[in-house]
Amino acid sequence: MAATPADASSSSSEAVVGGEKSNKMITLISSDGESFEATEEAAKMSVTIKHMIEDGCADDGIPLPNVPAKILSMVIEYCNKHAADADDTNKHVADPADADEDDDNNNNNASAGEKEDLKSFDASLVAVDQATLFDIILAANFLSIKGLLDLACQKVADDIKDKSVEEVREIFKIENDFTKEEEEAVRKENAWAFNE
Amino acid sequence: MANIDIGSDEDLHQTMMMKPKRKGLQLTNLPKDILCSILSRLPIKEAVRTSILLEHWKHLWRCHSNLEFSLRSMFPGPRTNGPNDVRPWKDVFIERVDAVLQQHSGAGVDNIQFQAPCDDEHGDRIEGWVRFATASKTKQLILDFSATHHIEQHPYKIDLRLLDDSKSSHLQSIKLCSVSLKVPADFKGFRNLKWIFLADTNITDGDLHHLVSNCSGILEFLGIAGCGMLRRLHISHLSNKLKHLQVYDCRLLQAMELNFGLVKLEYRGPSVLLSPPGSLLLADICIKLEGICTNSLEYMFTKLGHNVPRLEILTLRCREGKVWDSLFLASTFCASLFNIS
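Going down the list, the protein sequences come from chains A and W.
Once you know that position 72 of the first sequence is 72 in full-length UniProt numbering, the rest is easy, because the numbers rise by one and skip nothing.
Once you know that position 53 of the second sequence is 53 in full-length UniProt numbering, the rest is easy, because the numbers rise by one and skip nothing.
Where hints are given, some of them may not hold.
[Stated by the list, open to error] Calculated lysine-lysine pairs in the DSSO-like style (CA-CA distance at most 27 Å, straight line):
| no. | chain 1 | residue 1 | chain 2 | residue 2 |
| --- | --- | --- | --- | --- |
| 1 | A | Lys163 | W | Lys45 |
| 2 | W | Lys157 | W | Lys182 |
| 3 | W | Lys137 | W | Lys32 |
| 4 | W | Lys32 | A | Lys50 |
| 5 | A | Lys155 | W | Lys264 |
Hints in this document: simulated from the structure, not taken from any laboratory.
When you get a sec, could you build the whole thing from the sequences and use the hints?
This is the structure:
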């Protein structure tokens, strides 16, 4: 039952203006042809998809040629979990004051228990092998899902942190393509970072 | 300012176009902006170290967007023997910071912070840091020159004109600790500043008034701690955007005139008179008084009285006195507060 573009745009603007969450389901099609359903609310966590919905291009399902089924299902899982807590946008800058004083009154919508739940969900979502993690990063980047992109990039950063140069090379299978002289020069340029 | 070129995204395109049984993506195949995001989550020292991983990454770290320079981040951790340098640590710190800034691309910085007990002695170098921060269009700037032990030193005098409106319209958040702050008469304010925190700065009533008035349209949070010269805080003219006020340990403060839109007030220090312009939206007040003076709470709220109809949370913390005394005091106080009609 494909609605006309006019219907699609008016129903989405209704959903925005009225503050009601539309129950409309959106079909997302992975690169290998598998179809997934997601609520419009969850799908709109992807800014890319949100624009497509608003432009009326979502009626027959949205093909995502860059995202394989395995990854798409994980992405949808993330969006479903986080759609309800969609107030964590635009905190691009960490609030220095929070570190200083005890924050008795949390401004977030979720209760403490819900937040713990989300945290452990997030942690297990990115506890995957490297290739999968990078695929998630690319998908989140393509789909413009900031929270998921931040989460996955943070995981990679955590895997690099506190490791020696050799350990990082091993974990990420990086081949050292410096000549001995070049390597020496790089070390010397910022000796303080390497020697201590 | 280095120009970064780590090659195109052709590698990535290749990988993506391969048939299903392709070998997994490598870290080095990720697009540059994503790699920058990843490296920016590392402490600066570790980010610099990635320059040795492979040739393509020699200059990658220079896009780091979250520059945090502190004694902890710039000096060795517990596992090493310590610096070989016998020069004063301040000189070493400044030299390292300067080296990083000089190599940095100079753009795309979200947050830059300098946290070490520097003072006026290094004024020139610090000015260079502030200029870098402004040019990099950073959203957040922190100059935290506080010392753990009290040292006799002349605080760095910050010239707000370095952050002047025409250049710094990107600045949203600023924190200044242990600096000397005078607001120039022709100061036009920060167009986008939402968040100000001042600690241990010798700013006067007039200068603070001038500073916040010029940011009044946007300011959402004002925090003041240990500003020993303040006697009267006057923010009643500020727009309703200012929702959160934090005032700690301003010893000479006697009165605070609050603004209509304020929602959350956190106060610690001696008893001070709170007064509103009229009815307030205030919903959350947290007060920590040094000691219980029988009249201090009543005094504080004399003028506030029934002007806080939306008050939801009132937190009182008092250091001295027995538990029962404080409970009794709090309950009689609350009763009197809400019985006024």
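Sort out whether Lys182 (chain W) lies within 27 Å of Lys157 (chain W), counting only the CA atoms.
-> holds, 8 Å
With a cut-off of 27 Å on the C-alpha distance, tell me whether Lys32 (chain W) and Lys50 (chain A) pass.
-> holds, 25 Å
Hint consistency between Lys155 (chain A) and Lys264 (chain W) [alpha-carbon to alpha-carbon, up to 27 Å] | violated, 35 Å
When you check the alpha-carbon spacing of Lys137 (chain W) and Lys32 (chain W), does it fall within 27 Å?
-> holds, 20 Å
Does Lys163 (chain A) pair with Lys45 (chain W) here, judged by a C-alpha cut-off of 27 Å?
-> holds, 12 Å
Checked against the numbered hints given earlier, this structure breaks only hint 5.
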